[in-house]
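Undergrad: Listed below are the residues making up each chain.
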Amino acid sequence: MLRFRDYSIPKKLTWMNLLVSGTALLLASTGFFAYDLYNFRTSTVRNLGIQAQIIGSNSVSALQFDDPRSAENTLSALRAAPHVMFAEIYAPDGRAFARYRRDGSGSFPPPLPIPAGQTQVYRFQGGQVALVRAITFQGKPVARIYIRSDLRAMNDLGKNFGIIVVTVFLISLLATLWMSSVARLSIAEPIVRLAGTARIVLSEKDYSVRASPAGERNEIAILISTFNEMLAQIQERDAALGQAHDRLEQQVQQRTAQLNAANADLEAFSYSVSHDLRAPLRHISAFSQLLNEEYGSKMDAGAQQHLNRIQSGVKNMGRLIDDLLKMAQIGRKELAWVATDLNDIVKDVLVDLQPECEDRQIDWRIGELFSIACDPGLVKQVFANLLSNAVKYTRKREIAVIEVGQVEEDHASVIFVRDNGAGFDERYAGKLFGVFQRLHRAEDFEGTGVGLSTVQRIVKKHGGAVWAKGEVDKGATFFLTLTAKTSSLATRTEAPKATKAAV
Amino acid sequence: MKATYLYKFGRFVEWPAKVESDSFSICVLGQDPFGPALNATIANETIAGKNVVAKRIPAPQDAVNCRVLFIGSSENTRLKQILSTLRDASVLTVSDLPEFTQRGGMVQFISEGDRVRFEVNLATAERAGLTMSSELLKVAINVRRNAR
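Going down the list, the protein sequences come from chains E and R. One point on numbering: in this note's numbering, the residue at position 365 of the first sequence is 365, and numbering is uninterrupted. One point on numbering: in this note's numbering, the residue at position 106 of the second sequence is 1106, and numbering is uninterrupted.
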């Protein structure tokens, strides 16, 4: 059932008109009817009183001289008043003296007593009115006249009135409906049309539509012109927005092209450089080897040491070039998305790391990891780097504890690798994943500084993120995700404690 | 009953203005059938503000100042003389005597069963200057209009 507030405007107007005119008519007719009724009652009583008085005056001698017949004669004149049902003359001593009846039958209640100081008394009761009047003659009370009248006339009045009211009401109803339709054109229609236009604009997102102006110059005209202006503004903004968007698109494309070009250059560069660097390196390695073999016995300890230093430097550089090459390769390769069980990857990596762990006491705590679609080769590198780092940096511990597992954070599964090794100062966490960046001295822990940046690249390529938490000498924990769902995580752990590769 | 009528008649009859008196006197001439009942009946009654008094008079001449004169049945033979004496006096003559109204009287009592009725002669009354109310005429069983 619709609430009145939600009626359409034309319907509301119609109902309001009906309500107003109906109420006015009701009030008016009630007022008039009440007045009429009051008047009728008053005049009925007055007429009855007059009739009683006349009868009474003309019956005085009959009473005085005890002539009931004369009194009845006088009473019979009441036949001329069809509404009088019954009349009786009472002598001062209270006995009934003469009577008139309109119809032969029927009994009537006794007359009411007249209160002291009043000439007559009347009562409306049960569709009749009864009146008792005291008649005096030459200052002395000589009779009481009791008249009863029916109220047929009043009922007829009421009925006629009702008919008239209903008729007028129906007519005014029709008039109201007709006038409502007129008002509809003037008030409701422009609004309804405007609403329709607004709906079209909204549903078809066509801001070139305009509302057609109404003929009038009032609030409706203001509404329509304002509406049209707003649409024009929207259109302008849309156009401006579109232009800006296009410009941005252009810029983005440019930047992307530049970026791609730069990347390509960089990769090509690092690839070729690594290759080109290798050649002289091989020479140095080969010839220092030869030197050792052919002239080793002739060299003194100092010279031997120099040579060893050269060779170890060469080895280092070789590893560095290898790592660089690997990193460059990552950039060029396309990801091969395969559903991979990460547990298998970890197991493979552990097998590969066996040689390094030979003379070490390592407490491996490997948890269950999930399966995910990823590039297994690249992901293996990630684990290899992280786990070999863990092994490396726990070298100084008697028992190294290395944990691998997963945690749920913000509906995303996060993999972590934790060690109880040398840790790092979180203040320099920003440098962790930078190329060639190292937070430890080469004398303490050897390394190329490329491993973690490789990890970051691979993880980024998968749409994930990697970050670390650690404390100097208390160990480090590396977290990583392999899907884009980490965006919430990334922002949340942006707290000073952790660093991560931004997605 | 007849006694009360005597003064009640007074309420329905108008005397001419020349009859001025400070009391309304009802006189009885001849045989008095009422006795003390008449006095009792009219005690404390007033007509037109005047006290009603009852008098017994010996001769018709004494009735000139009466308003109502009741002529007893003993005066039957002397009726004509009495009435002619009172011809110019404005006195309402009332009697039981038979044919009273035909013989020049104004109001004649007539018994109807146990009811007291009366007959009036309008012309006689009017000639004496008395005006009878239609109310009275209504109640009279007969109204004669021929004066003698």
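Hint data in this document are derived by calculation from the structure and do not stem from the laboratory. Just so we're clear, the structure is a prediction, and the values are computed from it rather than from any experiment. Here a beta-carbon is modelled for each residue, glycine too, at the ideal position from N, C-alpha and C. It is possible that some hints are incorrect.
[Claimed, not checked] The following label-pair restraints were derived from C-beta to C-beta distances:
#, chain 1, residue 1, chain 2, residue 2, range
1, R, G1129, E, P92, 26 to 34 Å
2, E, T136, R, K1080, 50 to 58 Å
3, E, Q118, R, A1059, 27 to 35 Å
[To be verified] Quick list of in silico lysine-lysine cross-link-like pairs, DSSO-like style, CA-CA up to 27 Å:
#, chain 1, residue 1, chain 2, residue 2
4, R, K1138, E, K140
5, R, K1055, E, K140
6, E, K347, E, K392
7, R, K1080, E, K140
8, E, K469, E, K326
9, E, K392, R, K1008
10, R, K1050, E, K140
11, E, K461, E, K380
[As the list claims (entries may be wrong)] Over 10 Å on every C-beta distance to chain R, these chain E residues come out as not near it, computed from the model:
#, residue
12, T14
13, A62
14, P92
15, L173
16, T226
17, F227
18, D246
19, A336
Undergrad: Are the hints correct? Go through all of them and say.
TA: Do the hints match the structure? See the list:
The hinted range of 26 to 34 Å is satisfied by G1129/R and P92/E, whose Cβ atoms lie roughly 32 Å apart. At roughly 42 Å, the beta carbons of T136/E and K1080/R sit outside the given window of 50 to 58 Å. Separated by about 52 Å at the C-beta atoms, Q118/E and A1059/R break the suggested range of 27 to 35 Å. The straight-line distance between the Cα atoms of K1138/R and K140/E is roughly 21 Å, inside the 27 Å bound, and the hint therefore holds.
A threshold of 27 Å between alpha carbons decides the hint, and for K1055/R with K140/E the separation of about 25 Å falls inside it, so the pair holds. Note on K347/E and K392/E: the hinted pairing holds, with a Cα-Cα distance of about 18 Å set against a maximum of 27 Å. Restraint check for K1080/R and K140/E: the C-alpha separation of about 38 Å exceeds 27 Å, so the hint is violated. Taking the CA atoms of K469/E and K326/E, the gap is near 26 Å; set against the 27 Å cutoff, the hint holds.
Of the supplied pair hints, the one linking K392/E and K1008/R is violated, its CA atoms being roughly 155 Å apart against a limit of 27 Å. The straight-line distance between the Cα atoms of K1050/R and K140/E is roughly 14 Å, inside the 27 Å bound, and the hint therefore holds. Proximity of K461/E to K380/E is assessed by CA-CA distance (about 14 Å); at most 27 Å being required, the pair is judged to hold. Non-interface status of T14/E relative to chain R is upheld: no Cβ of that chain comes within 10 Å, the nearest being about 71 Å off.
Distance to chain R contradicts A62/E as a non-interface residue, since its nearest Cβ pair spans about 6 Å, not more than 10 Å. Taking the minimum C-beta to C-beta distance to chain R, about 13 Å, the non-interface status of P92/E holds against the 10 Å cut. Every C-beta of chain R lies more than 10 Å from that of L173/E, the closest at about 61 Å, which supports listing it as non-interface. No Cβ of chain R approaches the Cβ of T226/E within 10 Å, the least distance being about 92 Å, so the stated non-interface status holds.
A cut-off of 10 Å between C-beta atoms confirms that F227/E is not in contact with chain R; the least separation is 93 Å. Non-interface status of D246/E relative to chain R is upheld: no Cβ of that chain comes within 10 Å, the nearest being about 121 Å off. At roughly 140 Å from the closest C-beta of chain R, the C-beta of A336/E stays outside 10 Å, upholding its exclusion from the interface.
In this structure, the earlier hints numbered 2, 3, 7, 9, 13 are contradicted, and the remaining ones agree with it.
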